[in-house]
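Here the protein sequences line up with chains A and B, keeping their order. One gets this note's numbering by counting positions in the first sequence from 1 and adding 549 to each. One gets this note's numbering by counting positions in the second sequence from 1 and adding 848 to each.
Worth flagging that the hints you see were computed from the coordinates, not collected in a lab. Source: prediction; values computed, not measured. Any given hint might turn out to be false.
Think about it this way: if two alpha-carbon atoms lie no more than 30 Å apart in a straight line, the pair counts; the simulated BS3-like pairs of lysine-lysine are [claimed, not checked]:
1) A:Lys1154 x A:Lys896
2) A:Lys632 x A:Lys642
3) B:Lys908 x A:Lys565
4) B:Lys904 x A:Lys565
5) A:Lys716 x A:Lys912
6) A:Lys716 x A:Lys918
7) B:Lys910 x A:Lys565
8) A:Lys752 x A:Lys716
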Amino acid sequence: MKEATPPAWAHGLLQKICPSYLWEGIEGDLLEQFELDVELVGEARARRRFIWNALRFIRPGIILRNKGSYNVINAIMVANYFKVAARNIQKRKFYSFINAFGLSIGLAFCMLIALYIQDEREFDQMHANKNQIYRIEEKSFDTWMNESPDPYRRSAWLQAALGPTLKEELPEVEYATRFNDGNRAIFRYGDKVFTERLTYVDKDFFSMFSFQLRKGNAERIFLDKSEVVLTPEIATKYFGDEDPIGKSIEIDNNGKQSFTVTGIIEPPPSQSSLRFAILLPQENRNHYEYNMENWGNFGTPTFVQLRSDANMEGFKANLDKVIEKYMSKRLEDWRKEAVVPIPADVKMLEYEFTMLPDIHLKKEISWDKVSDSQYSFILGGIALLIMLIACINYVSLALTTSASRRVEVGVRKVVGAQRSQLIYQFSLESLILAIISLVIGFGLVLLFLPSFNEFTNKGIELTLPKALQLLSVGLALTLITGLIAGSYPSLFLSRFRPALVLKGGFTSRLQAGFTKPLVVLQFALSAFLIICSIMMYRQMRFITTKDLGYNKDQVLIIPTQAGWNEETDRVIEQFRTRSQQEPLIVSVAGTSSSFNQGYSRYGFKINGEQKSAYVYAADPDYIPTLGIQLTEGRNFDVKIPADSDVVIVNEALVRDMKWTDPLNEHYNWREDSVGMGSRVIGVVKNYHFLSLEQNFEPMFLSMDKHNVGYLTTMMVKVSANDVTAGLARVREIWKELYPDKPFDYTFLDEDVAKPTAAINAG
Amino acid sequence: MSKEYLGEFEELVLTMAGILQEEAYGNAIVTEIKERVGREVNLSAVHVTLYRLEDKGFVKSKMGGATNQRGGRRKRIFTVTNAGLAMLRSMKEARIDLWKLIPQLKMVAI
């Protein structure tokens, strides 16, 4: 049998760092252990153990015992290397600056990208029960998408009654909470009046998630429906330094009501998929009782926490039973109603679930801050490319100056420098510069982190442990880069033959073979990255400057905050009358919603054919305010009573209906069996009411209050001459007309530029 | 008490070196600790501790004779010096003194 031998590299490595006078004893002990291990556990594992044991010897207690005269000379030499390096950096300040700065930019980018990737991976990790908390999702057969390869709709919006039902009926479920975020309401405490975003949850919310309650008792919160839990920031906003617990605050959400503060909760960190500032019990949602009865309404995200011993397959089966129990009748109806027959083996509705930490990267399901793991990969790739370019840059620059160092190399060799010492010297020099780059790069990270956060829509903070972690990653990167980048010049320079060099017979042609392809590669990579960024920039420009088909400039969007009733229409009318004499206000229009902030889409059958169209409530001022072009017909007119039931359609709808003379058509979107439907009075040119990536979809405008809805959003166009003064004037009028309502506004172009907001049903 | 102080692991290694006498070298001490105390320790930790004890003067070392095992490498044998023995003894006595101060209660089931 062949004699088993330990891995030579581990053996050799240890010998290098081990003080020679200790070496024999240590080596003997390791070998003895190895021989023993070979007999006990076999050669493969023995080798692994040998490596482990040997590497464990790399510790200060051993390394620091390296002493003796040899080291003294070494230390002198190292000091000399530092001195020479410093002199060289000083001598060629500009070159050193370019070299170090290039590398620091590369490092800064890599560190920022590392922060981004780390942030993406850390989402929702702060919850102690994170692996038992699941978000329930619907997967339902979408009869409108029958043709598509994946005709299912997936969403986290579920029935209001699902959460309580699951908790009550399923043995696996320990806690359940619903989570509705985004509804806005007016808060009033004393003279403080603001609009706030509300989040409706259930009592179990406080037991499931690890958001710390600073005040209040998790067991007793939300026993009553008129309780409210605030984050400290909101509490200070209204109550200042007073103790908020037990205070009562008025919330106007379709009717004024008084709420008692019973808890103060830690605000969610930026790496949380759940965002909230004010928590209210679910029972306060509008139409709560109706939604609890109605299993056909999907508007409530639901989270459950399973018992630790829960069987996932049993859970899935029980979810199916819930559908069977509450939905079977309705699903049968849906199946029958479908225009195209649905195969019998297709399930109309299923529940699926996603573990809490996986929500952030589950891009199929729309959710606050949801992201795509692809971004991390792409950015990681870019980081590698940038680092590669920085490295190449570093090497080429170092090489070009190497010629001027050749005399030094020659002299050093003549006085007895070993080749290994020269390699050591030049590697060290390269490392010194690389470490300077790291320091600059870290400074750049600190400098650019706020803009980076803004750009990526993140809230990364550089805490001390994170900074240390980042620095150690950066240091590892720097060492690798410095060594790789320094290796070629150092090997190259140390190869000079002293006699040749000193005689001046040195040829610089040596380096061309190596640097040329490097420069070409670097150039190609840079060009590639520049082209990529130009393309991305163009894409952004496209979104901000493309003609949308309507005029989005100088239009203020103001929610009326008057609920969903005639009152809101009156607000718009009142405001319009009041601003008629104002030179700074061009026009005032009312609509159901601004663009990119949610929409209504109706589905219906016309002559047995499944149709769908987007719907916006409008008034006669809508089309002029937005500068939408009417290609045929006329605008709405309040003086014509019949106009409450007419529609103005877009060209896409005309094409969808295959009309040749649209002004003589009726659009029967209400499935009216008696009449012919709404008369078409006008056609508008297609405009981008959806995001730019989407095609023009059929859309119509209507003034039908009962079927389309009230004008809950006011659009005010101010004079382009002085937007600031116009805005100030609008604010004054608002304050004068509605002193008890906060003035909330956005500009239409801001709304459009926002990434499409997740659809937030109230 | 002497002004030198011994850590718990140092004391353990020093005691083992005392027990093993002429056979006290790195590997043997690791094995001995495992057999007598049931504790897994790493070879490098024992080595470092032995060198530190040597610095403090509680052990001294010399190279043993070559054998056919261990690839012909000699063992570094450690012997406890008088100072080491005195240290061990004083630590033991100090502990016994302290032990005596504990009221001798009977153990009762609670």
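A quick look at each hint next to the structure:
Restraint check for A:Lys1154 and A:Lys896: satisfied, since their Cα atoms lie roughly 23 Å apart, inside the 30 Å limit. Distance check on the hinted pair: A:Lys632 and A:Lys642 sit about 15 Å apart at the alpha-carbon level, within 30 Å; holds. In summary, the hint linking B:Lys908 to A:Lys565 is supported, as the alpha carbons are separated by about 25 Å, within the 30 Å threshold. Taking the CA atoms of B:Lys904 and A:Lys565, the gap is near 26 Å; set against the 30 Å cutoff, the hint holds.
Among the hinted pairs, A:Lys716 with A:Lys912 is consistent with the structure: their alpha-carbon atoms are about 27 Å apart, no more than 30 Å. At most 30 Å may separate the alpha-carbon atoms for a hinted pair to count; A:Lys716 and A:Lys918 meet this at roughly 28 Å. A hinted pair counts as satisfied when its Cα atoms are at most 30 Å apart, and B:Lys910 with A:Lys565 qualifies at roughly 22 Å. Pair hint A:Lys752 plus A:Lys716 holds up; C-alpha atoms about 12 Å apart against a cutoff of 30 Å.
Every hint from the earlier list agrees with this structure, and none is contradicted.
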